[in-house]
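Peer 1: Here's the letter readout for the chains.
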Amino acid sequence: RIEKSTRDFTDYKDVWVFGEQRNGQLNQVVYELIGEGRKLANKLGENLCVALIGNKLTSKAKDLINYGVDKVYLVDEEGLAIYNDEAYTAVMTELINCYKPSIILLGATAIGRSLGPRVAARIKTGLTADCTGLDIDSESGILLQTRPAFGGNIMATIVCKNHRPQMATVRQGVMKPAKRKSGYNGQVIKHHFDYNKLNLRTRVLKVVEEITDMVKLEEADIIVSGGRGVGSAENFKLIRELAEVLGGAVGASRAAVDNGWIPYAHQVGQTGKTVSPKIYIACGISGAVQHLVGMRSSDVIIAINKDPNAPIFNVATYGLVGDLNQIIPAMIKEIKLRGLSEAAASSENS
Amino acid sequence: MKIVVCIKQVPDTTDVKINKETNTLIREGVKSIINPFDMYAIEEGLRLREKYGGTVTVISMGPPQVTESLKEAVSLGVDDVILLSDRVFAGADTLATSYTLAKGIEKIGGVDLILCGKQAIDGDTAQVGPGIAEHLDIPHVTYVKEITDVTDKIIRVKRMIEGGYEEIEMDLPALLTVVKEINEPRLPSIRGILRSREMEVPIWTAQDLDVDEDKIGLNGSPTQVVSITTPKFEAKTQIFTGKVEEQVQNLFNALREQRIL
Ligand SMILES: Cc1cc2nc3c(=O)[nH]c(=O)nc-3n(C[C@H](O)[C@H](O)[C@H](O)COP(=O)(O)OP(=O)(O)OC[C@H]3O[C@@H](n4cnc5c(N)ncnc54)[C@H](O)[C@@H]3O)c2cc1C
Ligand SMILES: Cc1cc2nc3c(=O)[nH]c(=O)nc-3n(C[C@H](O)[C@H](O)[C@H](O)COP(=O)(O)OP(=O)(O)OC[C@H]3O[C@@H](n4cnc5c(N)ncnc54)[C@H](O)[C@@H]3O)c2cc1C
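Top line first, the protein sequences correspond to chains A and B.
For the first sequence, our numbering puts the final residue at 350, and the numbers step up evenly by one.
For the second sequence, our numbering puts the final residue at 1261, and the numbers step up evenly by one.
Any given hint could be a false lead.
Listed below are the simulated DSS-like cross-link pairs for lysine-lysine, each with C-alpha atoms no more than 27 Å apart in a straight line [what the hints assert, rightly or not]: (1) B:Lys1215 - A:Lys100; (2) A:Lys13 - B:Lys1215; (3) A:Lys124 - B:Lys1215; (4) A:Lys176 - A:Lys60; (5) B:Lys1215 - A:Lys4; (6) A:Lys278 - B:Lys1107; (7) B:Lys1107 - B:Lys1153; (8) A:Lys176 - B:Lys1215; (9) B:Lys1243 - A:Lys237; (10) A:Lys197 - B:Lys1236; (11) A:Lys39 - A:Lys60; (12) B:Lys1107 - A:Lys306.
Please keep in mind that the hints were generated in silico from the structure rather than gathered at the bench.
All chains, please: the whole structure from these sequences, using the hints.
Peer 2: Next comes the structure, spelled out in structure tokens:
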């Protein structure tokens, strides 16, 4: 049903992933994009490539091959050590013009959502924001990009028919990350970028890491979230305790955050974080769509709510109907009794 | 300091309905408001004017009804407003939208600083700000939570990133997109409301802007929405009822059987 492009794009080939990194540490979303990009590249019969920009990244570049990457385009310059919108835009533009990828995926992170639109506007192509689904239309070979809009109340599928590359930022925590395996054959292609020709008007003076309660929600395997039904800041200790015995992280609905029971960094949902842990336990959360968009793709959802008609039960895998003040302590007791622990949970991952 | 704030008019709710026949959004009967994030951009513009002097101009692209939102901006105390409105602007994606707005800002002329909201609550892309900056060939910073210093040549800001923030300095002119942490927007003043009532909102059409027809509206939009659906939440939910202890037992038995825990 998608018409073919009316222009000749035979020059444009390959699926690219932007290798977002800070301090040489790749963002988790890069592995997710590699996992998804691999599928797209296979459907098209093209290569999967990573564009890696920064400083002292040679070993990182080589390591990426082990995730099923065919080519890593590496731009390694001292001046590129820290992300800078102007500098990285210039490098990405040069790479695109030089190697002509057909598709470029970036994480929908602070960096990806700043770099993506700048690059797309420079090369005058389309960019689909914050995608949660990607596919290749089998007839036309065009990238189908699905994304939530209107706060997750609708899903739109978007195409970029007559421009290349087709660019998308992709929400974190939605795609399954690629696994590391040995035996892949790929190559690292060093691309020399003349840093001195840049006339930068942007200077990053300082990068400050803030230790906000050590919440790495996006990376947790188990998340226990509390909502308005928890009742008070004091009572949030129930949520923390359950998270602790399971070796998980603590999440929250906006109602709990707005009440000041827990800092914003814990908020899951449209205006908070998007997570997809193995187990998401929603306690006293009704299941408003703005919350659901942030956790719907969790593998297993357990809902605890005293209202049997709460919408959260429509998305839950398992539902417990009753007062969380009784259910949670009973769960903690049972976990301890059964000897389920962090170790038990993580042994299941491998 | 000459400041321009970009605002978008959006439906007052994100709970939209879809016309199943045409696959388009039903906008009738939904009240319109200024995109909530843009209220912070207006406020920041006003604060900068109070501190450093200058003017604040608010610009928006959209249908004629957007004059209402621009009048609201006047009631908050901005100096001028401009509406970019023309049939040929319709159907624009973020590339065409940012091109058209950049052309409007060019026509205003001599602008030192452009402020946008973090993102619009309907389209949700957060792409228009960086797009405008690129079309104008000026630097930008997204997710700004604080402006720490401004001189006639540079601006220093704090930008939120995952797990912390960056301190960034840019040469002016520059563009910022702001987050809600940046300030607390004010309410309209009586004087502002009176002024907004008399205000005639200037409208610039494609002819008034020196635009390339291939870069505006539907023609200038590389992306195309091919389908819109409402997400279905379908899960085979297993509900446990009965005594608390029984429920919990049954849950953990199921988790074990499914090899989840
Ligand atoms: C633009 C916008 C963005 C938003 N972004 C987000 C977001 O990012 N994240 C988010 O979460 N929300 C967000 N919201 C808010 C969202 O619409 C809901 O208001 C919010 O998620 C409700 O939180 P809640 O489920 O904790 O509270 P409620 O809806 O009040 O639900 C509380 C639930 O607890 C149950 N309960 C009460 N007591 C007990 C008990 N003792 N034991 C068991 N169950 C009990 C009740 O039955 C009820 O179902 C956003 C809204 C808007 C408009
Ligand atoms: C369901 C749906 C999905 C879409 N998905 C995409 C997509 O993935 N990619 C794409 O390119 N287009 C997309 N569009 C088109 C896009 O929504 C429009 O181009 C829209 O006019 C601008 O994008 P936005 O609402 O996301 O604004 P954002 O980029 O989120 O807005 C950021 C800021 O830019 C300023 N701004 C934005 N629009 C205006 C305006 N009209 N006038 C003045 N200032 C403004 C405001 O300061 C605002 O806070 C989509 C449209 C729909 C209906």
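Peer 1: Taking the numbered hints from earlier one at a time, note which ones the structure violates and give those numbers from smallest to largest.
Peer 2: Hints 6, 8, 10, 12 are the ones this structure does not satisfy, whereas the remaining hints hold.
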